[in-house]
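Those protein sequences? They're chains W and X, same order as listed. Take the first sequence: its position 109, counting from 1, is numbered 109 in full-length UniProt numbering, and each next residue is one higher. Take the second sequence: its position 329, counting from 1, is numbered 329 in full-length UniProt numbering, and each next residue is one higher.
Be aware that a few hints might be false.
[As the list claims (entries may be wrong)] Not the full set, but computed from the structure, chain W residues with beta-carbon under 8 Å of chain X:
1. GLU29
2. ASN79
3. VAL80
4. PHE111
5. ILE115
6. VAL118
Derived by calculation from the structure, the hints in this document are not laboratory data. Source: prediction; values computed, not measured. Where is the CB? At the ideal position from N, CA and C, for every residue including glycine.
Below are the chains, spelled out letter by letter.
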Amino acid sequence: MSIEKQNEFGSINITNEAIAMLAGGVVTECYGVVGMASQKFFKDGFAELLKGENYSKGVEVIGSDEGFELNLYLVLSYNVKISEVVLEVQKKVKYMLEKTLQINLKSVNVFVQGIKVVK
Amino acid sequence: MTLNINGDLFLKMLESGANNLSNKHHEINALNVFPVPDGDTGTNMNLTFTNGLSEARKIVSSNIGDVSKTLSRGLLMGARGNSGVILSQIFRGFAQSVESLKEADLKAIANAFQNGKTVAYKAVMRPVEGTILTVLRESAQAAYDWTLLNQSATLEEYFEVLLAEANKSLEHTPELLPVLKEVGVVDSGGAGYVAVIEGFLSALKGEIIEAHEVSEDLASAGANMESDEFGYCTEFIVQLDPNASRYDEQTFRSELESLGNSIVVVTDEDLVKVHVHTLKPGNALNLGQRYGEFLKLKIENMTEQHHTIMESDVPHATKPVAKEHSKYAIVSVAAGDGIVELFNELRAEYIISGGQTMNPSTEDFIEMINTIDADHIIVLPNNSNIIMAAKQAQDLLEDKDIRVLETKSIPQGLAACVMFNPEVDIDENIQEMVEAIQHTKTGQVTYAIKDTVFDSIEIKANDFMGILEKDIVVSGQDKQEITKRLIDQLIDDDSALVTLLAGEDTTEDQLNDLVAYIESTFDVEVEAHFGDQPVYAYIIGVE
Numbered sequence: 001m002s003i004e005k006q007n008e009f010g011s012i013n014i015t016n017e018a019i020a021m022l023a024g025g026v027v028t029e030c031y032g033v034v035g036m037a038s039q040k041f042f043k044d045g046f047a048e049l050l051k052g053e054n055y056s057k058g059v060e061v062i063g064s065d066e067g068f069e070l071n072l073y074l075v076l077s078y079n080v081k082i083s084e085v086v087l088e089v090q091k092k093v094k095y096m097l098e099k100t101l102q103i104n105l106k107s108v109n110v111f112v113q114g115i116k117v118v119k
Numbered sequence: 001m002t003l004n005i006n007g008d009l010f011l012k013m014l015e016s017g018a019n020n021l022s023n024k025h026h027e028i029n030a031l032n033v034f035p036v037p038d039g040d041t042g043t044n045m046n047l048t049f050t051n052g053l054s055e056a057r058k059i060v061s062s063n064i065g066d067v068s069k070t071l072s073r074g075l076l077m078g079a080r081g082n083s084g085v086i087l088s089q090i091f092r093g094f095a096q097s098v099e100s101l102k103e104a105d106l107k108a109i110a111n112a113f114q115n116g117k118t119v120a121y122k123a124v125m126r127p128v129e130g131t132i133l134t135v136l137r138e139s140a141q142a143a144y145d146w147t148l149l150n151q152s153a154t155l156e157e158y159f160e161v162l163l164a165e166a167n168k169s170l171e172h173t174p175e176l177l178p179v180l181k182e183v184g185v186v187d188s189g190g191a192g193y194v195a196v197i198e199g200f201l202s203a204l205k206g207e208i209i210e211a212h213e214v215s216e217d218l219a220s221a222g223a224n225m226e227s228d229e230f231g232y233c234t235e236f237i238v239q240l241d242p243n244a245s246r247y248d249e250q251t252f253r254s255e256l257e258s259l260g261n262s263i264v265v266v267t268d269e270d271l272v273k274v275h276v277h278t279l280k281p282g283n284a285l286n287l288g289q290r291y292g293e294f295l296k297l298k299i300e301n302m303t304e305q306h307h308t309i310m311e312s313d314v315p316h317a318t319k320p321v322a323k324e325h326s327k328y329a330i331v332s333v334a335a336g337d338g339i340v341e342l343f344n345e346l347r348a349e350y351i352i353s354g355g356q357t358m359n360p361s362t363e364d365f366i367e368m369i370n371t372i373d374a375d376h377i378i379v380l381p382n383n384s385n386i387i388m389a390a391k392q393a394q395d396l397l398e399d400k401d402i403r404v405l406e407t408k409s410i411p412q413g414l415a416a417c418v419m420f421n422p423e424v425d426i427d428e429n430i431q432e433m434v435e436a437i438q439h440t441k442t443g444q445v446t447y448a449i450k451d452t453v454f455d456s457i458e459i460k461a462n463d464f465m466g467i468l469e470k471d472i473v474v475s476g477q478d479k480q481e482i483t484k485r486l487i488d489q490l491i492d493d494d495s496a497l498v499t500l501l502a503g504e505d506t507t508e509d510q511l512n513d514l515v516a517y518i519e520s521t522f523d524v525e526v527e528a529h530f531g532d533q534p535v536y537a538y539i540i541g542v543e
């Protein structure tokens, strides 16, 4: 599933991968987030910290007729107030994606996969 | 001239910083465009810092290490929003650095801010420059470097350098973050940090910044209180022990005087009865315990009692008491007596007070909705920043039929109410109301609190701005002129009805002047009311 749009010049197709990359980039700028984890956490049994170009593994894009739903798999810093950090992540991701892609996000779900003590 | 900061002085600095932040939080809110332009940075930082301060007040110790540790915990628990979380990290780093110290000297303070910076930076993968983090980093580093060259400087001098550097860095933030430059503001979080440092410096110089107004939360109302007015009513009786320290009533009394007031010390052979009002009852107990064992202890929190009294005085959402069951209820957010009245006339009986810069929370909605006994509840947030809170209330109160209409302005809310018909079913009502909302354009006139540039329109502080939906379209010094130019842009061939709501500072003559202007220029009907709303000189709805 990807975003398809038509305008007078032709059509635009934005893949889930691109959306995921974009979301990943936004997330890593959010305060309190120290890493993105693979969504296969439960299968692998540990939260793997993703690097650069693999951010999209920590982002799941679910599209439906009513709009898009994002699942984010994150690792947060130790000793931050998780509820607030997560709320800010949701706000920022929703705002940025809606602004850049002109799409509606139905929901942004955050799964905190781990807490990291940063030395 | 200060060379060392102990816990007591630090607490005074915190108080002054908190008050300064609270005094400026509306201003800071107005700067907030990043990461999400929701205008709540000042409020979030204020609530966070106030919570940190009230925790720090609870500690019975005059060690800076202990005070900053409780402060850090209070900030962590009370963190609100992005900037609040960052603030908690800064002082976590600060606290780690002075943890074992009774007093901190120049070197220790410079190190503590450096460590605050380090810790704050650790909690993010890719720090965005041009934010509070930048202001923190640049000022801490520059002030630290300065101390290396001026090792015998006083702490006043250190904080002066820190503040100057922070201001310099803050002024530079628009160069680093394009979105700030675009709107012509400095970073809001950075501005909050500067306010805190400014408060610190002022207290060091012996002038604790007072809070201007009793702000919306009671915790900071507590910060306004003179420390000698409230605190803990502490009473104890000590059985003097001949083997312990030598007891001298005069000395003991003067020691207690340094802790609080309303002091009564009665000595009877080997018993001493003490009564004192103090913010730190523990210190008073420690003093007493040197002379022997306690026979009796009683400590009461007078501040808390005072809060309870104040809380019952705080006006809140105007709640009609125990209404009978009805088919419909309309909940509307509004500020200004005239606007509230208009909503009431249009059958929106349940009003939650709020609006721009005063956003009601999800809890306010829940509290209000829980008092309502109706089949269908229609909620009109009347501001784009409030829609989310209303929707959360809707999600949390699953057992009620709540419909949140996404009204982004007062005129939209009023237009929706006009279309409401208690005789028809809910879906038909919603449909009509949504349609009315879509057909209503909103213009608002308010004044600028600072110089800025928006879409190449230059705006000076105290100028009036005409805002069409979300964009500033005109600005200038003459309120009437600006309003007319805004109206020119609002009204088009499809417009039929113009609703004018005059703000609390607007006179009848001014309102009449506008009505005459519209009637003579356009072929539309005009309805004018005194909305008495704060902040906006005029709110204009065009349908």
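Status of the hints after comparison with the structure:
1. GLU29: holds (5 Å)
2. ASN79: holds (6 Å)
3. VAL80: Check passed: Cβ of W/VAL80 comes within 5 Å of chain X, closer than 8 Å.
4. PHE111: Violated. Min distance 17 Å.
5. ILE115: For W/ILE115, the interface hint is violated, since the closest Cβ of chain X sits about 11 Å away, which is over 8 Å.
6. VAL118: W/VAL118 check passes; min Cβ-Cβ to chain X is 4 Å, inside 8 Å.
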